[in-house]
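Visitor: If you're matching them up, the sequences are chains W and R in order. Residue 174 in this note's numbering sits at position 174 of the first sequence, with consecutive numbering throughout. Residue 11 in this note's numbering sits at position 11 of the second sequence, with consecutive numbering throughout.
It is worth saying that the hints were derived from the structure and are not from the lab. There could be a bad hint or two in this list.
Using 20 Å as the maximum straight-line C-alpha spacing, the simulated EDC-like pairs for lysine to aspartate or glutamate come out as follows [claimed, not checked]: (1) W:K129 x R:E28; (2) W:K61 x R:E86; (3) W:K61 x W:D49; (4) W:K28 x W:D49.
Predicted model, so just to flag it, every value in this text is computed and none were measured.
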Amino acid sequence: MRFRVEPGLYAAGSPTQESPVLVSANYKMSFDRLRSQLGGLDAWILVLDTKGVNVWCAAGKGTFGTEEIAKRVDVVGLGEVVSHRRLVVPQLGAPGVSAHEVARRSGFSVVFGPVRAEDIPAFVSAGMKATPQMRRVQFPFRERVVLIPLELVTGAKHALFLAACFLVLAGLGPGIYSLHRAGTEGVQSAALLLAAFAVGAVLTPVLLPWLPGRAFSAKGAWLGLILVLSLSAFAWAHPGTFENPASTGAWLLLIPAVVSYVAMNFTGASTYTSLSGVRREMRVAVPVQAACAVIGTGLWLAGRFF
Amino acid sequence: MTRLRYLPNVVTLILDSEKCTGCGVCTEVCPHGVLVIESQKARIADRDACMECGACALNCITEAISVRSGVGCATAVLNGMLRGSEPTCDCSADATCCE
Ligand code: SF4
Ligand code: SF4
Numbered sequence: 001m002r003f004r005v006e007p008g009l010y011a012a013g014s015p016t017q018e019s020p021v022l023v024s025a026n027y028k029m030s031f032d033r034l035r036s037q038l039g040g041l042d043a044w045i046l047v048l049d050t051k052g053v054n055v056w057c058a059a060g061k062g063t064f065g066t067e068e069i070a071k072r073v074d075v076v077g078l079g080e081v082v083s084h085r086r087l088v089v090p091q092l093g094a095p096g097v098s099a100h101e102v103a104r105r106s107g108f109s110v111v112f113g114p115v116r117a118e119d120i121p122a123f124v125s126a127g128m129k130a131t132p133q134m135r136r137v138q139f140p141f142r143e144r145v146v147l148i149p150l151e152l153v154t155g156a157k158h159a160l161f162l163a164a165c166f167l168v169l170a171g172l173g174p175g176i177y178s179l180h181r182a183g184t185e186g187v188q189s190a191a192l193l194l195a196a197f198a199v200g201a202v203l204t205p206v207l208l209p210w211l212p213g214r215a216f217s218a219k220g221a222w223l224g225l226i227l228v229l230s231l232s233a234f235a236w237a238h239p240g241t242f243e244n245p246a247s248t249g250a251w252l253l254l255i256p257a258v259v260s261y262v263a264m265n266f267t268g269a270s271t272y273t274s275l276s277g278v279r280r281e282m283r284v285a286v287p288v289q290a291a292c293a294v295i296g297t298g299l300w301l302a303g304r305f306f
Numbered sequence: 001m002t003r004l005r006y007l008p009n010v011v012t013l014i015l016d017s018e019k020c021t022g023c024g025v026c027t028e029v030c031p032h033g034v035l036v037i038e039s040q041k042a043r044i045a046d047r048d049a050c051m052e053c054g055a056c057a058l059n060c061i062t063e064a065i066s067v068r069s070g071v072g073c074a075t076a077v078l079n080g081m082l083r084g085s086e087p088t089c090d091c092s093a094d095a096t097c098c099e
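So here's chain W without its partners, still in its complex pose (with noise of 0.2 Å):
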């Protein structure tokens, strides 16, 4: 299935040779969004060439960019169309358009439009000038929340390869592969990963800026922290849930590790992390991770035969 408009210009409205140009990425959700939000304004969408990327991701690898706007201009003979020179872009596009560079290539100079589609009926009515509002980047709720099954869904597919790893493992031990602790502790073991797994990607977008710490990482720690928790609290109110140490120490390593990991990787959904930012904190939290698990499986496995 793929989520795209054909690249070209198309009419909102009944549009003039007057009426203003709004490029747009050629990922459909991008392209419906911004005809929904026009409120009636006749306008041209010069939609260009960004694989069924969205505009910000798109601007970031180049496909969103000053090239392909001159390329479009050209292959859409806008100059023909219209009588002004002047195309509105989205300001997220900006990380991949230099409005200099365009102007000088294709005639057209640019105006950076507002970052979300709901303010240009207002952007344009105010003579296309943008309030400081317009042009800021949130994080709210509302769009942290949306990202929830994508997380899910981009995440599964690694945690349900772990989970069926600890699943098949559980079964080994002292004499003969046990189906009977595979069908037990097996299926312990691959519920907590899949529930360690569930919580980053939950509640990380849910609880981000009020989980402790400035790190996607410790964030998720402590996410993970709290599950450790709230499990032992439950193994206290049901004795004989966890009855093995050794793979009890090994689930409160493997449990922090893997949220924090999970929470890691949302760095890439949210709108406000620097490249910079997300290296300094891997350096430190990779090594981390990556001793809880190893040591966490190790313990685990140990768990196995005594």
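Since the structure of chain W is already known, use the hints to place chain R with the ligands on it.
Guide: Below, chain R with the ligands alone, put in the same frame as chain W:
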């Protein structure tokens, strides 16, 4: 709402005031209000809010700004490490990763 802040003192943003003409384009493209114009020159007002998107540098006609731009994505950094390359975003084609 609660302002989200990332790690302090890490970004590679550099502004050369000598070259700056105070045109204000950088303040327009920045999604985090990092730059402001004061007495006809750009000034870095909130360095730690910078996400190194590179929009300001790319749009500064006098090349007064430099920043090592990239996407702040751990998955991309990991992919890059595994392939021995620069960070590569895997959210190709249909993906909506950084939407
Ligand atoms: S875009 Fe460049 S020249 Fe213009 S204000 Fe910013 S730093 Fe100065
Ligand atoms: S790199 Fe991006 S976030 Fe940083 S100052 Fe420039 S425009 Fe703003």
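Visitor: Now look at each hint and say whether the structure bears it out.
Guide: Verification of the supplied hints:
Only pairs whose Cα atoms come within 20 Å are accepted, and W:K129 paired with R:E28 is accepted, the gap being roughly 10 Å. Taking the CA atoms of W:K61 and R:E86, the gap is near 13 Å; set against the 20 Å cutoff, the hint holds. Straight-line distance between C-alpha atoms of W:K61 and W:D49 comes to about 13 Å, which keeps the hinted pair within the 20 Å bound. For the suggested pair W:K28 and W:D49, the alpha carbons sit about 11 Å apart, so the restraint of at most 20 Å is met.
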